[in-house]
Amino acid sequence: METYKADVVIVGGGGAGLRAAIAVAESDPTLKIALVSKVYPMRSHTVAAEGGSAGVKQQTDSLEYHFNDTVGGGDWLCEQDVVEYFVAHCTEELTQLEHWGCPWSRTPDGHVNVRAFGGMKIERTWFAADKTGFHMLHTLFQTSIKYPAIKRFDEHFCVDLVVEDGRVQGVVAIEIATGEFTLVEARSVIIATGGAGRVFRENTNGGVVTGDGMALAYRHGVPLRDMEFVQYHPTCMPGTGLLFTEACRGEGGFLVNKDGYRYLQDYGLGPAEPLPRNKFMELGPRDRLSQAFWYEQQKGRTIEGPHGSVVHLDLRHLGEAKLRERLPQIYELAEQFLGVDPARTPIPVRPAVHYTMGGILVDGRCASPLPGLYAAGECSSVGIHGANRLGSNSLSELCVFGKVAGVEAARFAKSAGPGNSTSLQKQARAVEQRVMALKQKTGGNERIATLRKEMAQTMEDGCGIYRLAETMQKTCDKLDELKARFKNVNVEDKSSVWNTEWLLAIELEYQLDVAQTMAYSALHRRESRGAHQRLDGFEQRDDVNFLKHSQAHYVADGAPRIDYGPVKITKSQPGTRAYGAAGEKAEQERKASHG
Amino acid sequence: MAEKTIEIEVLRYHPEKDREPHRQVFEVPFTDDMSVLQGVQYIKDYLDGSLSFRWSCRMAICGSCGMMINGIPSLSCQTFLRDYYPARVRVEALSHFPIERDLVISMDGFIEKLESIQPYIIPKEPRTLEQGEYLQTPEQLDAYEQFSSCINCLLCYAACPQFGLNPDFVGPAAIALLHRYNVDSRDGAKAERMELVNSEEGVFNCTAVGYCSEVCPKHVDPANAVNQNKTNSAADYFLRFLAPKGGAK
Amino acid sequence: MSKRRPYVRSMDGWWRKNPYFVEYMIHEGTALFVAAYAGILLTGLLRLAQGEAAWNAWLSALQNPWYICFHLLALAALTYHTYTWFKIMPRTMPPVIVGGQRLSAWAITGSGLAVATAACFGLLAVVWGMAR
Amino acid sequence: MKQERKRSNAPIFWALFGAGGMLSALFGPMLVFITGLAVPLGLLLPADTMSYPHMLAFARNWLGKGFIFAIIALFLWHAAHRIFHSLHDIGIHAGTGAKLICYGLAMLGTVLAAYALLAIGF
Ligand SMILES: Cc1cc2nc3c(=O)[nH]c(=O)nc-3n(C[C@H](O)[C@H](O)[C@H](O)COP(=O)(O)OP(=O)(O)OC[C@H]3O[C@@H](n4cnc5c(N)ncnc54)[C@H](O)[C@@H]3O)c2cc1C
Ligand code: SF4
Ligand code: F3S
Ligand code: FES
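Protein chains in written order, with our numbering: chain L, 1 to 595; chain S, 596 to 844; chain Z, 845 to 976; chain C, 977 to 1098.
Read the hints as simulated data drawn from the structure, not as lab findings. We put the beta carbon where it would ideally sit given N, CA and C, even for glycine. None of the hints are false.
Some, not all, of what chain Z presents toward chain C, calculated at C-beta under 8 Å: (1) 890; (2) 896; (3) 915; (4) 918; (5) 960; (6) 963.
Construct the complete structure from the given sequences, taking the supplied hints into account.
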């Protein structure tokens, strides 16, 4: 087996992983960095982010506002000290990207422009047309090329961490082009493998978003936190789940039901006005909008399409010129994939799974409980999203905490002693044998695609926008069954070069683990908060019993064990989460009571 | 009612088994909204698990799913079976690249080229974070934005016969990105990058076929970047004796 | 040992495989006519240097039907060259901004063609003027 | 990381190609029409348009000389460059050989044209 000795190894070449790699390189150019990614970095799913990235920019805005929006948006399940650090560093990080060449959209006088986003009080979302993630990712990737210390392992699939002496000391990866294994030794490891949205059926995520890194850490005893909180994005393409960015609404789009009625005003988000108003109507948070869709569907006021019920995203009044300028990609998506010209016809949309709020438990400095292991980006739970993420906070998170993870991992690497190569090698060979066995074994009769489909369906059934104990229990049972059936999975392809069937099987196993943590955490949370909404007698938020983070712990060959950890509250006591006119009133009252 | 089906013919190549590529036809259930990528995914999921190809985003932005579809370089996720039905669709790995396996091509050469163009800002005037952003007017942004939209899908390389004939040619996308940095108002390293433009691997391999821009799914117009740089390079070639510092070294 | 064995496809006959390339070869092929026509002009020039008899012999040779045929084809080829030359033009030049808007490709091609037409008829007028 | 790169000398040929291409695009069709069709067939233009005295006078004039030289030489360089590339395109990689023939002929034509124009006198 090939061995590469690095100081810091980063698994994941998305926004978070690249930002971390650059941070390590800048903090100490002598450190050797290995960047392992199962796809070329610019293919990572950060590329798909459309709308923008949050950072206080305008005179009228303040860090406090951004803090309040984030904590309230997260239904107070946020680590408030971490949020405070986060909002204080967003703008600096986005400016850094600007210096690296990111083509942010500009105002006529040459400053970076900002747009409105759901749940945000003031316009603070930096954007590069409607290809923000694309531009951020390519900027980071191309900038990373400047640093000779970063050695990339492109198209290398990470299959395990090596833990020795109670700390993580490297990773084992398959080179996809050859099917061969490499041990990357390192003194610290950063996981930045992104979310897990593909455990659900209809989702906005790319094929690579399979929760690998979460499963890797989890299997080594690191808890996954707040996994029950899965964000549904309200405006997605029926069938494929492809996203129409929130910026469509930020620019002034309407959501209407089959009667052409802006139904959000019936769900505490009104009054309906012709122009977009922050935190009102279409600019409410995603969980609320997705929930409103569900109710409309129950009331029979949605439109039936070939891929289920839809409502209409109406952009017609914005006019072709503005749509082409501000939302060019959305325009093309609608035209090509749906045959709809959004300047002339409303776009049919429905909610789909979009974002994994929970993830690998880390502290505010991105350190997990396992020494030497750090995590950043969507795979991590650093504590800023709580029960519901606000749109455009995630891209900023990649930069702010990607950097933190890089700096901290570099610091750890310099203080940690070298590992014992012989025993690391031995472990790596054991990993190789285990993973090869999956491919080499014969006689299996379960199709990968079938298991995957059943998993995705049961997740959608049990862990959808609204949840019931009974269906969640069914989902848990189904996942247990699928895990058992996975033992019998059949990998037809026994070859070495570009054996993607084998990789799909490994991913499926990761997904099943992650799906279990989601379903079991959901079942155990007997309240409604943010993206986790129940209809079986737990319709209210329950701060007495559940103002807590769930933590799912790995149990070999069994269901995860769920326990709870405290939530850090500093400045903002849990309050009513209100938007629209009610929200405005609540805020005024709050201001008044503060004197 | 019998389900509708469509035939997809795939160029298969397995380095461990085949001496050369061969064609294989699959029959796939057809619906109106299916992309070619979904067709190929169906094959992998239900007909032949050993079929290999790259994909991820399904929304024409990650750049991984490029294939020759009926001989034309295309993103398979935004090419729809309905445009061929009921005729058979022919799918093949992107032209001009070595085939690793089935529909997977070798990207190594392109990545080296990308690394060679210095695809990052080398600032004209360095600026600290405290000084805030560089000012850049919408017009200045417009000068390079189109070239920064390249998703590295490599369709343009599969379209460019000159790259097929000479794989050392830096090629359309890499030159478009090079140009993107050269014309960015924040950058000051044009002279350094011109060395590559001027070299034997540089722009003069291009004979203005123009098909690269024709197939580009993101309106980058790489042919424009390449051909503008012929003029730049020629100017540099002839004027280097006149300019005080001799133009590019 | 790596089992990778990338397969490189042959480029043979590439230009026959796509109508776009066939068109490319045709417009590249106009060069044959340009060369042949320049050759004829060069012969004429050499004849002119040799004196009146030689020149007149060249002039009358031009009346040979084969020459006429060739020139008909050459006229078509050069006209096509003119068209394709200006058609590619927008791809080869920096953006032209007029009144804050980028000039469209068709505007550039169109102006190129207009200029060429003007040049041709200007030339005809000059020749006509000089001959009178 | 940076390797030494050899500077291409293509700009010379490319510039000549471009100039010839532009000239032939602008005037080519009409020139062919005049010298190849109108005059031999006696169409449109006066019969003596290309008579010996006319042409001699034209070729002795500085402007005329320049025009004739530019047309012949640049057309040849334009064509040579394209033909050279097309040979490469259809898989005749004669390399230096083809290059010598194509550009060599253009060079020869250029020299001959210059010689003739000098021989014609002023
Ligand atoms: C359609 C869409 C639109 C979005 N729009 C916005 C928006 O407008 N604003 C906003 O703030 N957020 C948005 N988000 C969310 C945001 O884009 C993501 O949360 C974020 O990009 C995740 O980045 P990441 O770096 O954590 O992971 P990713 O970009 O997903 O990268 C994961 C990396 O890990 C690697 N990897 C994974 N598993 C392995 C393995 N086993 N071995 C090796 N490598 C591995 C992958 O190759 C990849 O490089 C959007 C998300 C989607 C899906
Ligand atoms: S220039 Fe266009 S075709 Fe070429 S790689 Fe970039 S996006 Fe793809
Ligand atoms: S197709 Fe190739 S030859 Fe030039 S114009 Fe495009 S790079
Ligand atoms: S799958 Fe990403 S571009 Fe097609």
